[in-house]
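Start from chain A and add chains B, C and D according to the hints.
Taken in order, these protein sequences are the chains called A, B, C and D.
Residue 132 in my numbering sits at position 132 of the first sequence, with consecutive numbering throughout.
Residue 244 in my numbering sits at position 244 of the second sequence, with consecutive numbering throughout.
Residue 317 in my numbering sits at position 317 of the third sequence, with consecutive numbering throughout.
Residue 17 in my numbering sits at position 17 of the fourth sequence, with consecutive numbering throughout.
Simulated from the structure, these hints should not be mistaken for laboratory data.
All figures in this text were calculated on a predicted structure; none of them were measured in a lab.
Check before you lean on any hint, since a few could be wrong.
Pairs count within a copy or across copies, as identical chains cannot be separated in the list.
[Unchecked claim] Restricting the straight-line Cα-Cα distance to at most 30 Å, the calculated cross-link-like pairs of lysine-lysine (DSSO-like) are:
1. Lys49 x Lys361
2. Lys215 x Lys79
3. Lys80 x Lys215
4. Lys79 x Lys273
5. Lys273 x Lys49
6. Lys215 x Lys241
4 protein chains.
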Amino acid sequence: MTFSPPDFTAADLAGAPDARFQSALADGVLPEGFFSTSNLPTYVRLDGKWRMPREPRMDAVIVRDPAGELWVKESRRVKKGEQVAVGFAEDGTEGIFVHSSAFLGDENEGEFKFMSSEVSREKPIDYALMANLLVDERDRAGYPVWVTGPALVHSRARNDMSWFVANGFVGALLAGNAVAVHDIEASIFGTTLGMTHTGEATQGGHGLHMRAINKVRGAGSIAKAVEQGIIKDGIMYSLVKHNVPFVLTGSIRDDGPLPDVITDMIAAQDVMKQHTTRATMAILIATALHAIATGNMLPAFVQSPDGTMRELPTICVDSSEFVVSKLKDRGTHQAFGVVTNAQDFMHILRLYVERELEGRKGGGAGGRSRAAAAR
Amino acid sequence: MTFSPPDFTAADLAGAPDARFQSALADGVLPEGFFSTSNLPTYVRLDGKWRMPREPRMDAVIVRDPAGELWVKESRRVKKGEQVAVGFAEDGTEGIFVHSSAFLGDENEGEFKFMSSEVSREKPIDYALMANLLVDERDRAGYPVWVTGPALVHSRARNDMSWFVANGFVGALLAGNAVAVHDIEASIFGTTLGMTHTGEATQGGHGLHMRAINKVRGAGSIAKAVEQGIIKDGIMYSLVKHNVPFVLTGSIRDDGPLPDVITDMIAAQDVMKQHTTRATMAILIATALHAIATGNMLPAFVQSPDGTMRELPTICVDSSEFVVSKLKDRGTHQAFGVVTNAQDFMHILRLYVERELEGRKGGGAGGRSRAAAAR
Amino acid sequence: MTFSPPDFTAADLAGAPDARFQSALADGVLPEGFFSTSNLPTYVRLDGKWRMPREPRMDAVIVRDPAGELWVKESRRVKKGEQVAVGFAEDGTEGIFVHSSAFLGDENEGEFKFMSSEVSREKPIDYALMANLLVDERDRAGYPVWVTGPALVHSRARNDMSWFVANGFVGALLAGNAVAVHDIEASIFGTTLGMTHTGEATQGGHGLHMRAINKVRGAGSIAKAVEQGIIKDGIMYSLVKHNVPFVLTGSIRDDGPLPDVITDMIAAQDVMKQHTTRATMAILIATALHAIATGNMLPAFVQSPDGTMRELPTICVDSSEFVVSKLKDRGTHQAFGVVTNAQDFMHILRLYVERELEGRKGGGAGGRSRAAAAR
Amino acid sequence: MTFSPPDFTAADLAGAPDARFQSALADGVLPEGFFSTSNLPTYVRLDGKWRMPREPRMDAVIVRDPAGELWVKESRRVKKGEQVAVGFAEDGTEGIFVHSSAFLGDENEGEFKFMSSEVSREKPIDYALMANLLVDERDRAGYPVWVTGPALVHSRARNDMSWFVANGFVGALLAGNAVAVHDIEASIFGTTLGMTHTGEATQGGHGLHMRAINKVRGAGSIAKAVEQGIIKDGIMYSLVKHNVPFVLTGSIRDDGPLPDVITDMIAAQDVMKQHTTRATMAILIATALHAIATGNMLPAFVQSPDGTMRELPTICVDSSEFVVSKLKDRGTHQAFGVVTNAQDFMHILRLYVERELEGRKGGGAGGRSRAAAAR
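The following block holds chain A by itself, in its conformation from the complex (with noise of 0.2 Å):
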């Protein structure tokens, strides 16, 4: 979807008043009228220019600093007297415009048409457009961020997981307590759940990633594991050794948790957001919670370092259309959604990523259409 930018010479947008602020009253407690942020390109004019605030994500305010500077800030980190900008029209009228229709296509609303629900198992999946996007991210040094849930773990994909950790196509892991004592429990195990490879239930087994995470306890953290050998494969290894980083985040239904689990939930969304400001494209695997989490804190575009503008790739997998439908409904309406197993669609992915590889090797840009033509 290519970028329309705003017409800021249209009368009611030439025309339109400064942006007023106010002070909060207190740490964490907002004027009255605060205005509430989108995840969409969102303009406020200062001295009569239509500036973008930086930082930006839903759920959060617009501040402006002693310098002049605007940020979009959650509410907790406000701090009282700082200024905040307030007002409730999208439109422009009170100095703030949210570009609603950036990115819209063209859409006939009344025509009969068959197949025309935003997500259904229905419809076909494009692996080869999604491995086109994923190789372009490489090639261009982008920053995808990797969201997952542990079914990527008790599924197997442990091994495609990791090798697109260790070639480079994965910015950032985010992710919960589970997916990386799973992973180790595998490692050290070889079951996830107490559950063999084969999906079996064993005697015993339902203590194991208990004994998984003693273990990384008594090493002191995952890398100090990895590094005494104690760990020795899989997701967690992966990262560990290619240095990419990753964000274990708490949850209240955690067992142990690892040593390196953020269990302050403020403390994990400011390190999580660290990552999604920086992210050019999300992959959102088997996870409600985490998922909407990242959509929370994700603008639903990106901007080029030469400025230019454009939707940021959100890939939504999961087994049900509901959790697609839940992500969208509050808010992240940019999401493509991807009804599948988690497994087998890490294992087809890496399959047409290779493809793509393997094309654009051939030579020059010919690679989707290589790849396309493969199938």
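Chains B, C and D only, in chain A's frame:
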């Protein structure tokens, strides 16, 4: 949604040519460029006048009979030499106009909103509105068509469904063999699929539905089995006792089947269509197969005796979003999705209808607001 | 699961009486206490000997023909006066023994275990095992019956399914009208349900499946449409070209239907059963209706020419756990559930079968372990 | 399910050795062969006597304190040098006996049955039984713990939940930030996630939950916001007004959060456990995260003051079978699954509880049968 009639005085429609017709090449074989119908209000230009064909449905063709009358007909029913409308354009330029914006409300497409999905288990269910619609239908002698899957019976909503039949809320029931089999199994043996009313599997229970079928076979028909006291209560009993028509259509997974089941699908569709053509409302519960079958035959609108048009209320109840999406994806765009358990739906709907009746009894138009207040 | 034959020398079975038979009261009307079959190995005592009736299936009865042969027969096919086995006991005490522990493994019921559910999207999918089974079937000239829903076609797994047909892995294909319609729509127009291969709805696309049907109608049959070059690729094309039998059974939601569709359900079940009776394996993909239909007709075991028995491998692929549970709840307990997207399943299964073939080519029994190593 | 106590006089248990203990190596680091607990009744042999450790839960260890008392403790709470039970055997041979058959009923495993699945939307929901359990709990001053997801609030079951709180059926409410946020949004603005009570998205509605949080922040806490008249009705209001304890635990996807939310997961688990340890019943509604969190902490049984034991009734309500299966797969085997919409569940449950109360009022033991008769 109120109906906005097309503006036939607008230049493009006013200047449109008459529709063209070509002969069917053989029985059930159409001329190449046949016009394929949707369920939207459709107008055909004949002798300079825009007319609506009779018995509208999707996936069919428009036939002009020797008397000049226009009919929507399934292709399999078209005979060699019949005059079939041809053309691909739906905007009137070839003499056929599909009024796709007939029931469109206002939409601000690009706006950032939460909860904008079409169907979600997270949306509240407006039972008061549905109760109001049903009582209205009864008051004006409408023809609500109920289409149900066996979950309705397995899950003990038999009493509630029987109540709706007995109290005049059912124009016709369209279902498959299984609904009747398990309803009758429940009447004779107290089980459904061999499961007790508290949900436990019983020993030897797997054969009980076969014994129920055998008893009805011995009697000759469902009506005779009711007459002979073999079937003493339940949905089929109520339908027979209250002379409410039902259509049982066969399927490839049927046991038996019961003597009343129409096993040939062509014949069964013809009988079903007699009811969908009369329908003023549709309630589709816990069945993908029959819901889609009905959706295929159903116009998206209903024309009142006085010529006014309104959208045909189509309620689709299922325990996942998928069935509703699937139904919409196959063209039944007017379907309103309710994501819940069939048993619970029936129980609460009955409760609200009882409240609505109570409210109206109290006098005049206050019904709905009173029922609403009772919530 | 290996087969444990019943111990007919045990006191209770050795001393069991002969089974009793009574005459059917009318065509399709059974004597009251008829014995209702399951899909488990079942033995009937006649003249002091335990014998297995032919053509076993569930929800049917056991008939002794005038020559003394025992048959399992659907009740609708029983004629007045035929001798039908009666009795409720399944433990042999009335001369009929259902060998319910034939394929039971060891279970430690009370033990505390994780991941003990029967079907879950969280369990790994053992593609290597399935590939191995399929190649074994081909090697020993087995008869794998494939049963598929239209998701297989919508989702672009057409190539993979065609490959399995072309390479000898399909004994017969059992499906509905929609599978063939959309496969042919894809061949002629490049769309399925009017959707492109990348998943977008097209303008006017809603009529394309009707145009595809019309073309086949004009040709007279699918085979003739292939012959005349109307259908140029895809599943139906492969079936015709490789003389693999297919059965298309009608349903109440069918458009058209295609000329090859058997619209009467009784007739359709009879034709399907010719294939389920020969089946040595069953692969059920993305269809509740046809999966349950097939499960109803399928014995849970297969008898090799040398008399040895084994469980009939029954793989059920669906994107939710519900369909597999539903299938098992209707008696097809031997079904092994795979929870994934049909397109992805087909793609990876083919990949593993190719690896397995490669591995076996290399020499001898090493196939599977080599394929496994390649993971 | 009645409790069968273990037979400690049986040879194998009578001759068992005392359990062995080893020192924890560091804070939170266990000795290698630690015994990992389940939620089943577990007996430890000390000085030749079998004793039950206190505060049982799964995924934890057994610690003997200096006074000789036995405790079940999360590994993170174990301090260096504490005495931790070691061993893998659960059959008593190493001095620890897990009574896995404590609540097992009779099962005829191999029998051919329909509807033998553990959880299915096709099974009837026994509201009368649940109502009976709840009223019993209230009568005997039990401690039913309710654990809910935000669907309860989105879907307008607020009134019903408030009723249960107000009428003494709630021992404690365990939930996340979102439940409270949307409940309070509903009280202040009449929307949930910006959606009206009939399910429509509203303009500007996406910011309303942020405005609700800001108001509570201004007040200082939920209780103070109730006191100051900011929150006027709903679930949180009822909890405050009736002094029913609640625990709001944070998650990585939280907006805000509200001042009452415990953002550190370790601290949050400790507070939650104070309630699960007292629990005599658990009702888990529309939440995978919190249901699994609670399941992890909850023993599968409850010991009455008089020492008798019974299974802890654990009801898990969700709109798909998956969540219940997932919960069971993580060891909460005692969970009884109800597959329906949270709003409808609450409405009917309340109705049945009202009938049960009505029935008991009438006098004596007749309550339940009368409520059942009213169905």
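Consistency of the hints with the structure:
1. Lys49 x Lys361: neither (47 Å within a copy, 64 Å between copies)
2. Lys215 x Lys79: Only across copies: Lys215 and Lys79 sit 16 Å apart there, 42 Å inside one copy, limit 30 Å.
3. Lys80 x Lys215: Classified as between: cross-chain Cα gap 15 Å, same-chain 45 Å, threshold 30 Å.
4. Lys79 x Lys273: Within one copy only: 19 Å inside a chain, 34 Å across chains, cut-off 30 Å.
5. Lys273 x Lys49: So Lys273 and Lys49 pass the 30 Å test inside one copy only (28 Å; across, 55 Å).
6. Lys215 x Lys241: Intra 19 Å, inter 47 Å, cutoff 30 Å: intra-copy only.
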